[in-house]
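Protein chains in written order, with the numbering used here: chain A, 1 to 256; chain B, 1 to 254.
It is possible that part of the hints are untrue.
[What the hints assert, rightly or not] Under the rule of at most 27 angstroms between Cα atoms (straight-line distance), these lysine-lysine pairs were calculated in the BS3-like manner: (1) 233/A to 32/A; (2) 71/A to 49/A; (3) 12/B to 56/A; (4) 37/B to 137/A; (5) 12/B to 19/A; (6) 37/B to 114/A; (7) 75/A to 33/B; (8) 33/B to 114/A; (9) 51/B to 49/A; (10) 233/A to 39/A; (11) 115/A to 138/B; (12) 188/B to 49/A; (13) 190/A to 49/A.
[Said to hold, decoys possible] Some residues of chain B that are not near chain A, with every Cβ distance over 12 angstroms (derived): (14) 24; (15) 38; (16) 43; (17) 45; (18) 61; (19) 79; (20) 131; (21) 183; (22) 186; (23) 189; (24) 247.
[Said to hold, decoys possible] Example chain B residues on the side facing chain A (calculated, C-beta under 10 angstroms, incomplete): (25) 116; (26) 119; (27) 132; (28) 133; (29) 139.
These are computed hints drawn from the structure, not numbers from a lab. Heads up, the beta-carbon is just placed ideally off N, CA and C, and yes, glycines get one too.
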Amino acid sequence: MGDIVIRIVDLKKSFDNQKVLDGINLEIERGKITVIIGKSGSGKSVLLKHIIGLIKPDSGEIWVDGKEITKLSEKELNGIRLNFGMLFQEAALFDSMSIWENVAFPLVERTRLKKEEIKRIVDEKLEQVGLLEHANKLPSEVSGGMKKRAGLARALVLDPPIVLFDEPTSALDPVMSLTISDLIKETQRKLKKTYVVISHDIIGMFRIADKVAMLSGGKIIAYGTPEEISVSKNPDIKEFLDASRIKEIGGQNEKR
Amino acid sequence: MSIYSISSPLRKFITELGLAGLMFFECVLLAFKRPLKINYIVKQMEFVGVKSLPVVFLTGTFTGMVLALQTYYGFRKFGAEGLIGITVALSMTRELGPVLTGLMVAGRAGSAMAAEIGTMRVTEQIDALVVMSLNPIKYLVVPRVVASFFMLPVLTIISDFLGIAGGYLIAVKLLDVNEGAFLNRIYKYLEFQDIYMGLVKAACFGVIFSLVSCYKGFYTRGGAEGVGRSTTEAVVISCVAILVADYVLTSLLF
Chain A
1 MGDIVIRIVD LKKSFDNQKV LDGINLEIER GKITVIIGKS GSGKSVLLKH IIGLIKPDSG
61 EIWVDGKEIT KLSEKELNGI RLNFGMLFQE AALFDSMSIW ENVAFPLVER TRLKKEEIKR
121 IVDEKLEQVG LLEHANKLPS EVSGGMKKRA GLARALVLDP PIVLFDEPTS ALDPVMSLTI
181 SDLIKETQRK LKKTYVVISH DIIGMFRIAD KVAMLSGGKI IAYGTPEEIS VSKNPDIKEF
241 LDASRIKEIG GQNEKR
Chain B
1 MSIYSISSPL RKFITELGLA GLMFFECVLL AFKRPLKINY IVKQMEFVGV KSLPVVFLTG
61 TFTGMVLALQ TYYGFRKFGA EGLIGITVAL SMTRELGPVL TGLMVAGRAG SAMAAEIGTM
121 RVTEQIDALV VMSLNPIKYL VVPRVVASFF MLPVLTIISD FLGIAGGYLI AVKLLDVNEG
181 AFLNRIYKYL EFQDIYMGLV KAACFGVIFS LVSCYKGFYT RGGAEGVGRS TTEAVVISCV
241 AILVADYVLT SLLF
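Same shape as in the complex, but just chain A (with noise of 0.2 angstroms):
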């Protein structure tokens, strides 16, 4: 096993008398791309916000970088967010600033850089992500696949250790998926920081993970590498895979 960064311990939340996770432990490895899959409804988005200390959980622990986040208060946890890069679900951009703006904004209020290399760091996140003509347009006049881009740019300008990704795919047409997909790939690959994803895309997500659990009914019920994943016994994951049709996507990469 690998170096441990995130670990959580029999996590478990509730929300009005409905169970969301009942126990969920997990290990995620540090430099890997950790995908975690389920279905919609199954708590993912949940697990992620617990990471990041946005929802406090019932019982249960969380360890980062060897610190138990549950118990700490919002100023402590302030602290370990610094570490921490997020993509959200519908990007989250700021709809009253330019796209620039918006990826320039944590350097802006998190660090004292000047103005100059501000400007050199965004413009560099931007062209990585392709994103650099649009710079001052507002997020209300771009496309999803764009918001998504310009998120996945904010998310990275602070060149956080852990970056988490809330499912960075969805409501994209299968070719910007496949887009956004290999840039969480490409980036991963070239700056070795932890990336956790949740997602019910398993096609996109298999290409791209080191590491792959599989939430349902509030547990992770299998956990591993996407070879071991596909070729699992298990019935609910058995039934997920076959409704994404992955067989055909493994077939193919077999050939290779």
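On the provided structure of chain A, position chain B as indicated by the hints.
Relative to chain A, chain B alone:
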């Protein structure tokens, strides 16, 4: 006694009051903490103040005009037309100026605040701030409350002046009330305190409506429908709270 033995609407009310109180407390603390975010405050001042001018202009003028018309009807019966000026002036500065400005700005700017912050909540923009280790209260609530606190008195002064001017227009120019009597009594009987206390009330109304609106927006749940609900509640609660606070403040201040 457990909190759960209290009936649920009452419990909800107490919880909301507590959360809003906490938000107010945090707001006051953060307002004096560096960085002050002056540019955010100035932007909100423009929105709350400058952009409210047309609506304040119209309500102030017409209220003064109708006041003159109504008091003329009453005062003429016992030959007291000369008192119209001071009646309009006192009504505007002590009561109608601050209250009407508060209500109109709550309707205009408060609804926008609740809708904007509510949308930011449901589209996870507030979470995005938190994830960047930035306090959303500091970035979203403080500038709006501070701007409203400063701008409501300014708007009220304008409303007071326009109301008296509107009254003058109707009484003196239309109804032939003696101009000297109208203006003289205002000089003689309108005290600085009447204006000043009205402005104190206005500042309080500014804090009330902006805090209620930000609070409602901040705790929005449930997508577009939730934003609509928050916006409606923000305006209704702001207006009711302004009227209740008006009575309390008036009985305390005067």
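Subject >> Hints breached by this structure >> reply: 9, 12, 16 and 20
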